[in-house]
Each structure stands twice: as C-alpha cells, then as structure tokens.
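*Asks:* Mind docking chain H on chain Y? Use the hints.
2 protein chains.
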Amino acid sequence: VDNFSDRLFEAVEAKRSQVVVGLDPAYDLLPPVLREKHEALDYRNELECAAGAYRDLLFNLLPRVAEHAVAVKPQLAYFEALGAVGYELYEQVVDAALQLGLMVIADAKRGDIGSTAEAYARAHFEVAGADALTVNPWFGTDGLVPFLERTLDGKGVFVLVKTSNPSSKEIQDLHVAGGTPLYMRVAELTAEWGELSRGELGYSAVGAVAGGTHAQQLAELRQALPHTPLLVPGYGAQGAGPEEVAGAFDVEGLGAVVNSSRRILYAYREHDTDWLDAATEEVIAMKRALWSASGRG
Amino acid sequence: VDNFSDRLFEAVEAKRSQVVVGLDPAYDLLPPVLREKHEALDYRNELECAAGAYRDLLFNLLPRVAEHAVAVKPQLAYFEALGAVGYELYEQVVDAALQLGLMVIADAKRGDIGSTAEAYARAHFEVAGADALTVNPWFGTDGLVPFLERTLDGKGVFVLVKTSNPSSKEIQDLHVAGGTPLYMRVAELTAEWGELSRGELGYSAVGAVAGGTHAQQLAELRQALPHTPLLVPGYGAQGAGPEEVAGAFDVEGLGAVVNSSRRILYAYREHDTDWLDAATEEVIAMKRALWSASGRG
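Top line first, the protein sequences correspond to chains Y and H.
Heads up: the first sequence begins at 1 in my numbering, then just goes up one per residue.
Heads up: the second sequence begins at 1001 in my numbering, then just goes up one per residue.
Among the hints, a few may not be true.
Which residues of chain H face chain Y? A partial, calculated answer using Cβ under 7 Å [as the list claims (entries may be wrong)]:
| # | residue |
| --- | --- |
| 1 | E1091 |
| 2 | N1165 |
| 3 | P1166 |
| 4 | I1171 |
| 5 | D1173 |
| 6 | A1289 |
| 7 | W1291 |
Just so you know, the hints here were simulated from the structure itself, not pulled from any lab data.
Just so you know, even glycine gets a beta-carbon here, dropped at the ideal spot from N, CA and C.
For reference, chain Y alone in the conformation it holds in the complex:
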C-alpha cells in the first residue's frame, strides 16, 4: 500500500489542486430548495428528514467536485447530531467519495487512552474506511499509537497542533519549558510521531492541523516541520484567504492541503446560479487561487 502522503500529493499533482472540501452539513444553512423538497416528503421524524436532505446535498455535490478537489473532510459532529441515522450517512458518504476517487479525511478529532484509541482507529479507518483521521494530542504518545500504527499501512493522521479558533491561545499558546509555545512542542512531537512513515516525496503520513487564521504561525510551522503535511482549515468562512495560507506550502507547492466547508457547501448564498453550480464554481475558484498562492500558477 502506498504511503498516505505520497497518495495525497500525487493527487495534488494529478488534479492540480490543493483543495479539501469540508462536509459540514447544517440544516439551517442548506439551500432552501433542498429543505422544502425534503420537508414535503414523508419521513418518520426530523432527524430522518435532515439526513435525507444532507444525503441529497452531498451525493449531488461529490461527483461535481471530484475532479477539482483532492479530498473531502466529513465533519463527524454534524453527522452525529442526527444520531444513528446520521452516522450511517457518514459511512455512505465515505464510500461514495472513495468510489469517485476522492480521498477521505475523517474530521473526528478523536483521542483517548490506548485501548480505547484502538477502537476509534478501527471505527474510522477500517469500519468506515477513511484514508485519514484528525486526532487530538492531549493524551500524548500512548494514546496516539493505535492511529500511528495505521500510518505504516497507507493511512494518514492529522494531529491538532494549532486550531483556528480565537480561544486556541488559552492552552495551545502557553509557553512551556524553554520558552516555546505549547503548540510548537506538540509540533515537535508530531514530527517525531511521523518519523517511521516518511513517503517517497519526503513527507510523513503523520500531518498537522494548523489553522489558516494564524498566517505567521502557519509559516513558522512549515519551516519547523519540513516533513509534515499540513491540513489548513479556516479558509473562506472563517476568514483566511490565499495570502494567509500561502506560507503553508513548500517551495514546490506541496506540503499542504487547504479546507473550506461552508463557503463551498453554501455558496448559493453569494451566487446567482443554483446551489450546485455555485458550489462547483467556488471549488474551482479556490483551486485556482491556491495553486497560484503556492507558486504554481
């Protein structure tokens, strides 16, 4: 099985895209046409109605974005919020995306002690079938081992090094021994955790999540972690643009992929076309902007 980072960056080259489409289905933000359609159908309850509308949204969207995005990133919280029906939809979405040649990064931000982390790894890598998983570093190495083991077998892990929300500074930016901020210490650990899974393109299968809203920290992380792929959220709705995320790429324009969720899924709010055309146009615009920002344009 090929190394995850090789698979990821080969897809970047093949598609000339560093775009990850975040799948964050939220009922109140859905195109009104979808809500009206499903509210007129005969579902057993509101959760099943919402799941039907989400399915409609995502199964129409995936084929349209498959050639322009390297990966999709289902956000587990929005599926769990519909209960078991939503969890089943998550599994169906992973299957559909893989069949369309999209890689799948399950954004579950899981973390626990070793024996329990093993169950989470099995849940998302083997049972759901995702290519990669976001994980929380709070437990330290033994809590990450079950995830890291899968990186020797083609899977990928993205450690939450520095998140895009304002309060991330309360813990992640605290200075630890030596005067370094904690997130840089976690970055160093992330590099260590990735040493055994280096691919042919020089990158490890253990990546870092680094919020696009912190442009300077993003560039610092790129410098400090020459072998660590970066997953950059916060593009679009959270305020980061191509300039903010440019520092995440290496000199060859590799090393990072960038996620946008709401700006794509709910692009109908800013466009005059129908929701599916609007979302597709947004992905193409983002693809071009990133390609250029990474020095490839």
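*Replies:* Below, chain H without anything else, positioned relative to chain Y:
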C-alpha cells in the same frame, strides 16, 4: 431542572454509592457464553453479530447494577467501532439506563471549535439524551461554550484535566508560566468554566476527569478545586484501588464518583459464578470499598 451536580450527589446519598459502571464492550473480552450464543445466530455480518452480543451483555447488566451504581459511562469508541449499528446501540443503551434510574455520562471526549462543538453537544445531550459528557480542553473556552451552556439546564460536563495513561505527562504535566503543570492550569480554567453552574450542594455542573492512577495529583486537585466534581477513571483494571482514589472525596464523602469498566463487565474472569452474578458482585464490592474509603463506612 435540577443542577447536574445536585442530581449526581443526591443519587450518591440515595444509593450510598459512588460507583460509575463504564460500558466498554469489547468483543474479545465478552463472556464466552455470549459470544457462542450470538455466533450461532443468523446475522448479516460480524458487526451486527457483535452488536447483538453487546446488547445482550448490556441489557442484562443494567437492571442488575441499577441500584448499586449512580451512573453508567458508555465509552463511545467501542460503539463507533461497530459503525452505525453500534451507534444505534449506544442510543438504546442511554435510553435503557435512564429508564432504570441510572445517570448517563457519555464518555465521548469530544472537542472542536464552537460551531462544531454545538453539533456535538446536540448529538449527545439532546439527541442521545445523556446527562453528562466528557470533553477535551485543547480548544479552550470558545470550543467549550456549547457544552457549558447546557450546564445551566441540568446537564453536566467533565473536562479531561489529567488522564490516567502514562503518556499523559508528555503534554499535561509540562510546566507553564509560573511553574505550574499544564493540567493545573486546565484545572483552574475548569473551575472558572463552572462558576455559573454551582448547585445547592456547593458543586458545579462542570467537573474534571482526573485519573485514579495518579493518587497524589488526585488529592491536589480535590484541594485546588473545592467546587468541582471529579470523575475518576482507572479503578480496577488500570490499577487504582480504594486507597489511591480516597483523596478524591471531600470531608463529607462527596465530590467524586469513580469509574470501573473491565473489572466489572468482565468480572467472570476472576469469579466462579456466571458472568452476570460476577459483575453484580464486583459492583457491590466496589461500592462498599469506595464508601469506606470516602470515610462513610
């Protein structure tokens, strides 16, 4: 709606028990009689077979422990590891436990930025119906707000302050400004997050998870956090006994509940009786040992 900590400690008084039964169903550890029974049935696949065996285990166990335990703590990872079928079982187990008068602490260790944390809060508090949820502090205050809002409405939150695994020291014990270990800084934040949800018994609805395997740190946290309920895992299979966790209780024997999972669920391995009697005996023994260790015996 009564405050979560009032509900919890009133249950402690009523049942004379500080026991939380952890629901960590793991197929390889199940009583052989349950595995054999379900492997002989006609399931569509291995995941449904495992879910059937877990359902048998848990739905038999819950009525037997309901009078001896104050709460159950379903560990989401083991349910997710069976996919949507397992997630549905989680929801059924929550319902069954609540109907038996057990409180439910969903051990999901979730954490994300605010809008996504809101979806996790909805998933576990409203859709699944749990009384309390374990949460990861890595994101800081804005990531916790959706969970904290529910503590004003009868729900509880347990923040992962200091976990029971050996590697927890890599991040949680790092010294931050002022020379305090990071977990103590998170403990202070946890106390702040709980200030608005103090109940009549003096405890907040925002608690802390503090591993029973660190006896000294546990006693320090009890001193430092006079209004914070402690959820202590690590009892039994992970090595902590009544002496190790005694420091978690206040002078009245309140302030903490203690979780055991495998030592109860798989007590058949150490007993000569059938698995259900063995598990029940283990809960009763733990109840008495804790009651005594808390100075109530």
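*Asks:* All hints, please: hold or fail.
*Replies:* Hints, verified against the model:
Because the smallest distance between the Cβ of E1091 (chain H) and any Cβ of chain Y comes to about 6 Å, under 7 Å, the interface hint for this residue holds. Hint status for N1165 (chain H) relative to chain Y: holds, with the closest Cβ pair at about 4 Å, below 7 Å. For the restraint placing P1166 (chain H) at the interface with chain Y, the shortest Cβ-Cβ distance is roughly 6 Å, inside the 7 Å limit, so the hint holds. Checking I1171 (chain H) against chain Y by beta carbon gives a least distance of about 5 Å; that is within 7 Å, so the hint holds.
The beta carbon of D1173 (chain H) is not positioned within 7 Å of any beta carbon in chain Y (closest approach about 9 Å), and the interface hint is therefore violated. With a cut of 7 Å, the hint placing A1289 (chain H) at the interface with chain Y is violated, because the nearest CB-to-CB distance is about 23 Å. Interface hint at W1291 (chain H): violated, since its Cβ lies 27 Å from the closest Cβ of chain Y, which is beyond the 7 Å cut-off.
Hints 5, 6, 7, counting from the list given before, are not met by this structure.
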